[in-house]
Amino acid sequence: MTLLFNLLIFPGLLFTGFAGGLLSWFDRKLSARLQWRRGPVWFQPFADLAKLMGKETILPAEGSRPLFLFAPVAGLAAVLVASWIIWLSLLRPEMGFVGDLIAVFYLLSVPALALIVGGSASANPLASLGAGREIKLLLAYELPLLLSLLVPVVQAGSLRLGGILAHQSAAGSIAGSWSGLLALAAAVLCQQAKLGLPPFDIAEAETEISSGPLIEYSGPPLALFKFTKMLMLPVMPLFLVTVFWNGIGSSLGGHLAAVAKVLALVTAAVLIKNTNPRLRIDQAVKFFWGPVTILAASALLLALFGL
Amino acid sequence: MKKNLKITQKALLKSPWVFHLSTGSCNNCDIEILDVLTPRFDAERFGVMLVGSPRHADVLLVTGAMTRKALPRVKEVWKKMARPCAVVAMGACSMDQGIFRGAYNTPDPVDSVIPVDVYIPGCPPKPEAMILGLVKALEVVKEKFQGEKRIDKML
Ligand code: SF4
Numbered sequence: 001m002t003l004l005f006n007l008l009i010f011p012g013l014l015f016t017g018f019a020g021g022l023l024s025w026f027d028r029k030l031s032a033r034l035q036w037r038r039g040p041v042w043f044q045p046f047a048d049l050a051k052l053m054g055k056e057t058i059l060p061a062e063g064s065r066p067l068f069l070f071a072p073v074a075g076l077a078a079v080l081v082a083s084w085i086i087w088l089s090l091l092r093p094e095m096g097f098v099g100d101l102i103a104v105f106y107l108l109s110v111p112a113l114a115l116i117v118g119g120s121a122s123a124n125p126l127a128s129l130g131a132g133r134e135i136k137l138l139l140a141y142e143l144p145l146l147l148s149l150l151v152p153v154v155q156a157g158s159l160r161l162g163g164i165l166a167h168q169s170a171a172g173s174i175a176g177s178w179s180g181l182l183a184l185a186a187a188v189l190c191q192q193a194k195l196g197l198p199p200f201d202i203a204e205a206e207t208e209i210s211s212g213p214l215i216e217y218s219g220p221p222l223a224l225f226k227f228t229k230m231l232m233l234p235v236m237p238l239f240l241v242t243v244f245w246n247g248i249g250s251s252l253g254g255h256l257a258a259v260a261k262v263l264a265l266v267t268a269a270v271l272i273k274n275t276n277p278r279l280r281i282d283q284a285v286k287f288f289w290g291p292v293t294i295l296a297a298s299a300l301l302l303a304l305f306g307l
Numbered sequence: 001m002k003k004n005l006k007i008t009q010k011a012l013l014k015s016p017w018v019f020h021l022s023t024g025s026c027n028n029c030d031i032e033i034l035d036v037l038t039p040r041f042d043a044e045r046f047g048v049m050l051v052g053s054p055r056h057a058d059v060l061l062v063t064g065a066m067t068r069k070a071l072p073r074v075k076e077v078w079k080k081m082a083r084p085c086a087v088v089a090m091g092a093c094s095m096d097q098g099i100f101r102g103a104y105n106t107p108d109p110v111d112s113v114i115p116v117d118v119y120i121p122g123c124p125p126k127p128e129a130m131i132l133g134l135v136k137a138l139e140v141v142k143e144k145f146q147g148e149k150r151i152d153k154m155l
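As they're listed, the protein sequences go chains C and W. The opening residue of the first sequence carries number 1 in the numbering used here; numbering runs sequentially from there. The opening residue of the second sequence carries number 1 in the numbering used here; numbering runs sequentially from there.
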């Protein structure tokens with residue numbers, strides 16, 4: 001019963017979904033204001049989803065129909081479980097399990113895999129092009145992200161999110177140390193790619209390959225993909241805040257500070273999005289395997305020396 | 001707005017996604033479309049978005065006088081759209097072929113190939129006219145929500 005409540009209402013589907021919709025609006029509104037436009041109304045993301053639920057679902061004539069329909073559901077489910085594990089360790093740290101950090105890390109890469117599987121299942125040449133790019137992008141940013149996530153693990157000496165949080169409440173936030181700060185910087189860059197925002201929206205590239213893996217999707221499955229993307233907006237920054245930046249604290253002040261931190265990370269993502277044109281996939285891979293990996297690796301070295 | 005609308009219908013009026021299809025225009029109409037998205041008119045206020053795939057779109061915005069080469073492609077794109085959807089013919093060209101009327105390479109007007117719901121006159125139309133046309137197109141889609149089924153089985 002509590003599990004169902006947790007998954008569906010708080011902190012699961014309803015709560016995180018609402019937060020995701022609002023953050024998605026925040027993203028669009030801020031982008032609009034940066035371009036001197038007015039921007040959409042606050043319920044725009046919800047209206048988009050509701051509309052897509054009422055549209056026709058077109059299945060590909062060739063390609064695998066079960067996979068085509070299964071992929072968006074899998075992506076959504078993975079993000080929900082990931083957000084549930086993060087919230088669990090924030091609210092009741094004793095309930096976490098050893099290695100939940102790694103579980104969250106892998107669950108958060110499932111949406112990208114869902115995009116790859118769904119796109120390939122549609123048997124569209126542009127979709128397979130987009131899926132190929134998504135694979136390369138995934139390979140590119142997972143390495144520095146994992147390296148930077150190792151910094152809190154080394155500092156706290158624990159693979160549990162609860163352990164990292166306990167370490168932070170005892171010894172100050174991880175981002176307060178030099179190694180933590182560098183690791184957070186690398187993780188913010190990886191977050192940009194994970195959220196699929198420019199300059200790393202290479203897989204979807206609307207103007208170039210017509211939204212890539214999503215090209216054949218319409219109606220409710222498309223809504224699920226869009227919803228998954230919205231959910232990533234609060235979940236990914238919340239993950240980084242948990243691991244690097246003190247979590248949500250135990251007092252009201254701590255909660256408000258956590259909201260401000262998540263908003264700050266999303267704002268950073270929107271600013272990067274609006275000031276950088278899309279990269280080519282080879283440039284993105286070079287960027288992540290070059291400077292960002294060096295940044296994350298040096299952060300890890302510093303952490304091993306206790307800085 | 002009528003009271004007995006379903007929530008998906010109400011949502012549609014708030015988030016029309018547009019697929020822009022040029023069938024051989026002089027390119028001026030296509031440039032004008034971008035005006036509607038710029039700070040002065042900012043159609044995103046009403047939820048209008050240009051999307052990259054006809055599968056995602058609610059409104060098909062056709063410009064140009066439909067050349068011989070474009071004709072089969074126009075048919076194909078219209079078939080690929082998720083129902084319910086509306087077709088808007090924009091500019092004098094796509095209404096009655098405009099300055100290209102009688103040319104050797106533009107055999108048929110757009111509405112002889114696909115059913116056009118709303119026409120936006122002008123060469124090119126003013127942004128205000130385009131926004132009005134979009135609002136009318138939405139009314140059409142709303143009606144169609146009541147029970148348009150796919151006529152053809154081809155995907
Ligand atoms: S209607 Fe006028 S502006 Fe538009 S494509 Fe035709 S000739 Fe060009």
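Treat the hints loosely; a few may be bogus.
[Said to hold, decoys possible] Label pairs and their in silico Cβ distance ranges: (1) W:Lys-6 - C:His-255: 35 to 41 Å; (2) C:Asn-276 - W:Lys-6: 49 to 55 Å; (3) C:Arg-92 - W:Glu-143: 51 to 57 Å; (4) W:Lys-6 - C:Gly-157: 52 to 58 Å; (5) C:Arg-33 - W:Asp-108: 41 to 47 Å; (6) C:Phe-43 - W:Tyr-104: 36 to 42 Å; (7) C:Gly-290 - W:Arg-68: 35 to 41 Å; (8) C:Arg-65 - W:Lys-6: 25 to 31 Å; (9) C:Ser-31 - W:Ile-7: 52 to 58 Å; (10) C:Leu-263 - W:Glu-143: 30 to 36 Å; (11) C:Pro-277 - W:Lys-6: 39 to 45 Å.
Think of the hints as simulated: they come from the structure by calculation, not from any bench. Even for Gly, the Cβ is constructed at its ideal location relative to N, Cα and C.
Range hint 30 to 36 Å: satisfied by the CB atoms of C:Leu-263 and W:Glu-143? Taking Cβ atoms as reference, C:Leu-263 and W:Glu-143 lie about 42 Å apart, which means the hint is violated.
Range first: 52 to 58 Å. Now tell me if the beta carbons of C:Ser-31 and W:Ile-7 are that far apart. violated (27 Å)
With 35 to 41 Å as the target window, see if C:Gly-290 and W:Arg-68 comply at their CB atoms. Violated - the Cβ-Cβ distance for C:Gly-290 and W:Arg-68, about 50 Å, lies outside 35 to 41 Å.
Please check whether C:Phe-43 and W:Tyr-104 have a Cβ separation lying inside 36 to 42 Å. violated (51 Å)
State, for the Cβ atoms of W:Lys-6 and C:His-255, whether the hinted interval 35 to 41 Å holds or is violated. holds (38 Å)
Just to be sure I understand the hint, the distance between the Cβ atoms of C:Asn-276 and W:Lys-6 should be within 49 to 55 Å; is that true here? 41 Å Cβ-Cβ, so the 49 to 55 Å window is violated.
Mind checking the hinted window 39 to 45 Å against the Cβ distance between C:Pro-277 and W:Lys-6? Cβ of C:Pro-277 to Cβ of W:Lys-6: about 40 Å, so the range 39 to 45 Å holds.
At the C-beta level, are C:Arg-65 and W:Lys-6 separated by a distance inside 25 to 31 Å? holds (27 Å)
Against the range 41 to 47 Å, how does the distance between the Cβ atoms of C:Arg-33 and W:Asp-108 compare: consistent or not? Holds - the Cβ-Cβ distance for C:Arg-33 and W:Asp-108, about 45 Å, lies within 41 to 47 Å.
Range first: 52 to 58 Å. Now tell me if the beta carbons of W:Lys-6 and C:Gly-157 are that far apart. Given about 56 Å between the Cβ atoms, the range holds.
Does 51 to 57 Å hold as the CB distance between C:Arg-92 and W:Glu-143, or does it fail? Roughly 52 Å apart at Cβ, these two residues keep to the hinted range, so it holds.
Hint violations for this structure: numbers 2, 6, 7, 9 and 10, all remaining hints satisfied.
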